[in-house]
Amino acid sequence: MSGKLTGTSAVMLYLITAGMMAFVLCPIVLIVIISFSDGYFVSFPPTGFTTSWYVSVFQNPEFTGALLFSFVLAVGTTLLSLLLGVPAAFAIVRGNFPGRALCKGLLLSPLIFPVLITGLALLQLFSSYGWSTVKLNLLIAHTVVTSPYVIRTVLTSLELVNPSLEEAARTLGATRWQTFRRVIFPQIAPGIASGAIFCFMVSFDNYPVSMWLADSANTPVPVVLYRQIGTVFDPSVATMSSIIIGLSAVVVLALDRMVGLRRAMAM
Amino acid sequence: MESVEVRLEHLTKEYNNSFVAVDNVTLTVGAGELLALLGPSGCGKTTCLRMIAGLVDPTSGEIVIGGKPITKTPVHRRNMGMLFQNYALFPHMTVAENVAFGLEMRKFSRSEREDKVRKALDLVKLGHLADRIPSQLSGGQQQRVALARALVIEPSMLLLDEPLGALDKSLREQMQLEIRHLQQRLGLTTIMVTHDQDEALTMADQIAVMRAGQMEQIASATEIYQRPATQFVAGFIGASNFFEAEEVSRDGRRAQLVTTSGIPLDVTNMRLVTKRVMVTIRPEAITVRPLGAEDPVAAPNTAVAVVEQVVYRGFMLHYYLRMDDGTEVIAYRQTQTEGWGPVSAVGDRVRISWDADSNHVVPLVAEAAAA
Ligand SMILES: Nc1ncnc2c1ncn2[C@@H]1O[C@H](COP(=O)(O)OP(=O)(O)O)[C@@H](O)[C@H]1O
Ligand SMILES: [Mg+2]
Chain A
1 MSGKLTGTSA VMLYLITAGM MAFVLCPIVL IVIISFSDGY FVSFPPTGFT TSWYVSVFQN
61 PEFTGALLFS FVLAVGTTLL SLLLGVPAAF AIVRGNFPGR ALCKGLLLSP LIFPVLITGL
121 ALLQLFSSYG WSTVKLNLLI AHTVVTSPYV IRTVLTSLEL VNPSLEEAAR TLGATRWQTF
181 RRVIFPQIAP GIASGAIFCF MVSFDNYPVS MWLADSANTP VPVVLYRQIG TVFDPSVATM
241 SSIIIGLSAV VVLALDRMVG LRRAMAM
Chain B
1001 MESVEVRLEH LTKEYNNSFV AVDNVTLTVG AGELLALLGP SGCGKTTCLR MIAGLVDPTS
1061 GEIVIGGKPI TKTPVHRRNM GMLFQNYALF PHMTVAENVA FGLEMRKFSR SEREDKVRKA
1121 LDLVKLGHLA DRIPSQLSGG QQQRVALARA LVIEPSMLLL DEPLGALDKS LREQMQLEIR
1181 HLQQRLGLTT IMVTHDQDEA LTMADQIAVM RAGQMEQIAS ATEIYQRPAT QFVAGFIGAS
1241 NFFEAEEVSR DGRRAQLVTT SGIPLDVTNM RLVTKRVMVT IRPEAITVRP LGAEDPVAAP
1301 NTAVAVVEQV VYRGFMLHYY LRMDDGTEVI AYRQTQTEGW GPVSAVGDRV RISWDADSNH
1361 VVPLVAEAAA A
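Those protein sequence lines, which keep their order, are chains A and B.
The opening residue of the first sequence carries number 1 in our numbering; numbering runs sequentially from there.
The opening residue of the second sequence carries number 1001 in our numbering; numbering runs sequentially from there.
Hint data in this document are derived by calculation from the structure and do not stem from the laboratory.
These figures come from a predicted structure and were not determined experimentally.
Treat the hints with care, since some could be wrong.
Stated by the list, open to error - Only some residues are given here: those of chain A computed to face chain B with a beta carbon under 7 angstroms:
| no. | residue |
| --- | --- |
| 1 | T171 |
| 2 | G173 |
| 3 | I184 |
| 4 | A189 |
Stated by the list, open to error - Computed spacing ranges between beta-carbons, pair by pair:
| no. | chain 1 | residue 1 | chain 2 | residue 2 | range |
| --- | --- | --- | --- | --- | --- |
| 5 | A | D256 | B | Q1174 | 41 to 49 angstroms |
| 6 | A | M12 | B | D1057 | 44 to 52 angstroms |
| 7 | B | Q1184 | A | L160 | 48 to 56 angstroms |
| 8 | B | T1222 | A | E159 | 58 to 66 angstroms |
| 9 | B | D1057 | A | L68 | 26 to 34 angstroms |
| 10 | A | G99 | B | R1077 | 52 to 60 angstroms |
| 11 | B | V1064 | A | G99 | 35 to 43 angstroms |
| 12 | B | L1177 | A | L160 | 33 to 41 angstroms |
| 13 | A | L160 | B | A1239 | 38 to 46 angstroms |
| 14 | A | G99 | B | R1276 | 48 to 56 angstroms |
| 15 | B | E1308 | A | L160 | 30 to 38 angstroms |
| 16 | B | K1125 | A | L160 | 58 to 66 angstroms |
| 17 | B | E1114 | A | E159 | 55 to 63 angstroms |
Unchecked claim - Listed next, the stretches of chain A that the computed footprint assigns to chain B, with coverage defined by at least 3 CB atoms under 8 angstroms from CB atoms of chain B:
| no. | segment |
| --- | --- |
| 18 | 16-27 |
| 19 | 176-183 |
Quick reminder that beta carbons are idealized off the backbone N, C-alpha and C, glycines included.
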């Protein structure tokens, strides 16, 4: 059977795909266009072209501070999620303990529970224990939300690794750690990287959890953005959004490039 | 390389504290010998091998290599060469990197590694493929790389878990001879797991037949084939006909028996003391002749049967026969043999007969024949 579509059905498929792409990309493109708009209010079509919003946004210490804060928070969250998620995925796939399936379900559960509720629950937990270090609370909360992404992607790629590879390495004289580093890691690196991308993105634009936990000294950028919209609705919001979009794209591309290289070396 | 003797002493493995996969196995593999662990699927062969490798912890018992107990030694210090059914080559490394892996773990210098890898790849005739990636090789080539990777570390013994199971028949036979040849040349003590009796007969010095976690018999290929210790072994290695029989008279090792269906049997090697025994007869020991007018009736070791099916197997004809009382009999006949008279066809009544020496006696067990 040929896998290629032809004729009317092919045209239909192309149209549907194009429609979907437009649907997904339009808001982003719109925001980027508005960010260059020369006017005091958000309007479409834009009234002129200017880069002055970028200049003013970058001169706004509240925004740049939040951007840096979010970036550091997302990096920290990603690292912590990897640190917890990779061994957890390992234990679930290779381990042999009762309730493994249940464990798998529980560890992946924040993917089905509403994040808003998770945030509220964590706020209550932190305050009942009197944990008032906001930075740490945010890090923990974001990790709770993001680590399942790492577990899921690493789990999937680990399940594809033939267990005899580990056994072969062991009989050839490799310790557990050497086996992981030389044999397992190269196979699951794409899974780890995509998990890391998810973590970074989910943490970087997380609003529902940060909203509960942030204070005025520790404000992630989505919270700043939301506040900004509540006070003035000028194109600077679009500019900030565009900057976030750009930064996210750079991170994704960078990670993909790294993994892509690894893949190419593994082929 | 020095050959070592390998001993398993009362080796037992219980999974989940309930299921006994390997039950009190004791055996010795002589230095430089190849022992085949043979048995049906699920009888515990792989578990046995993995305990020797150190990949599974025995519940009790001892593994002794070259006189040293290694039961407590972790896998990566046991220095065993192991081959897996699915080759288990590292997909992200070239052939040469795969072979070098064990050497790297042993901290050999780069130049020593390159030298040893080249020699090992030449040994398996793959020197020209050193820079390939495993996925670019055929199954046979991949298993040869795995063999080179296992041999290059100069292991104290070689463990093979159905290493040729995924190859097609002719390649498998070629590889069997190749591995056997290398193993003998290097004097490498080897245990091979297989469920293929031909493979065991082709390659092994000793065959250990396992059944449900226990050893049934450990002996040379000829011994196992000609003098199986149990009905299970007789049925598992090659085909056998089984007749339950009772002793009528005995004179030393010679005995007169009669089967439950009334066929008198002459036995030259009555090695058991029990009166009721199972007699096994190999299909190739049975001669099939058309039932003539001057039929020698009532002589021992003969019977009358009807041909139910004739299967042409190249150099052998397989006759599926049924005796008048319903007992099924299999007989093989070489197609090229002269002077055996015409080939009998389906429906023919025939006289089957065999030598007294072909009657082999095994203990009678309550269960039905496994064959
Ligand atoms: N990790 C395990 N946990 C529980 N049972 C196992 C495990 N490995 C093997 N078994 C059981 O032990 C028995 C022997 O298995 P195995 O040694 O693989 O047999 P073979 O190699 O002869 O086919 C089988 O019944 C199998 O189901
Ligand atoms: Mg097996």
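Okay, the hints, checked on the actual structure:
With a least beta-carbon distance of about 4 angstroms to chain B, the hint placing T171 of chain A at the interface is held under the 7 angstroms criterion. The closest approach between the C-beta of G173 of chain A and any C-beta of chain B is roughly 4 angstroms, which is under the 7 angstroms cut-off, so the hint is satisfied. Because the smallest distance between the Cβ of I184 of chain A and any Cβ of chain B comes to about 10 angstroms, over 7 angstroms, the interface hint for this residue is violated. The beta carbon of A189 of chain A comes no nearer than 9 angstroms to any beta carbon in chain B, farther than 7 angstroms, and the hint placing it at the interface is violated.
Checking the proposed 41 to 49 angstroms range against D256 of chain A and Q1174 of chain B shows it holds: the Cβ atoms sit about 45 angstroms from each other. Roughly 60 angstroms separates the CB atoms of M12 of chain A and D1057 of chain B, a value that falls outside the hinted 44 to 52 angstroms. Checking the proposed 48 to 56 angstroms range against Q1184 of chain B and L160 of chain A shows it is violated: the Cβ atoms sit about 39 angstroms from each other. Between T1222 of chain B and E159 of chain A, the C-beta spacing of about 47 angstroms breaks the proposed range 58 to 66 angstroms.
Between D1057 of chain B and L68 of chain A the beta carbons are some 52 angstroms apart, a value that contradicts the proposed interval 26 to 34 angstroms. Checked against the hint of 52 to 60 angstroms, the pair G99 of chain A and R1077 of chain B fails, with Cβ atoms roughly 33 angstroms apart. A C-beta distance of roughly 39 angstroms is found between V1064 of chain B and G99 of chain A, which places it inside the suggested range of 35 to 43 angstroms. Restraint check, L1177 of chain B to L160 of chain A: a C-beta distance of roughly 35 angstroms satisfies the suggested window 33 to 41 angstroms.
Range check, L160 of chain A to A1239 of chain B: Cβ separation about 42 angstroms, and the 38 to 46 angstroms hint holds. Distance hint check: the CB atoms of G99 of chain A and R1276 of chain B are about 53 angstroms apart, consistent with the given range 48 to 56 angstroms. The given range of 30 to 38 angstroms is broken by E1308 of chain B and L160 of chain A, whose C-beta atoms sit roughly 50 angstroms from each other. One distance hint, 58 to 66 angstroms for the beta-carbon pair K1125 of chain B and L160 of chain A, is violated here, with the actual separation near 32 angstroms.
Between E1114 of chain B and E159 of chain A the CB atoms are about 36 angstroms apart, so this pair departs from the stated range of 55 to 63 angstroms. Only when three residues or more bring their CB closer than 8 angstroms to a CB of chain B does the claim for the segment 16-27 of chain A stand; here the count is 0, and the claim is violated. Counting residues of the segment 176-183 of chain A whose beta carbon lies closer than 8 angstroms to any beta carbon of chain B gives 3, which meets the minimum of three for the stated coverage.
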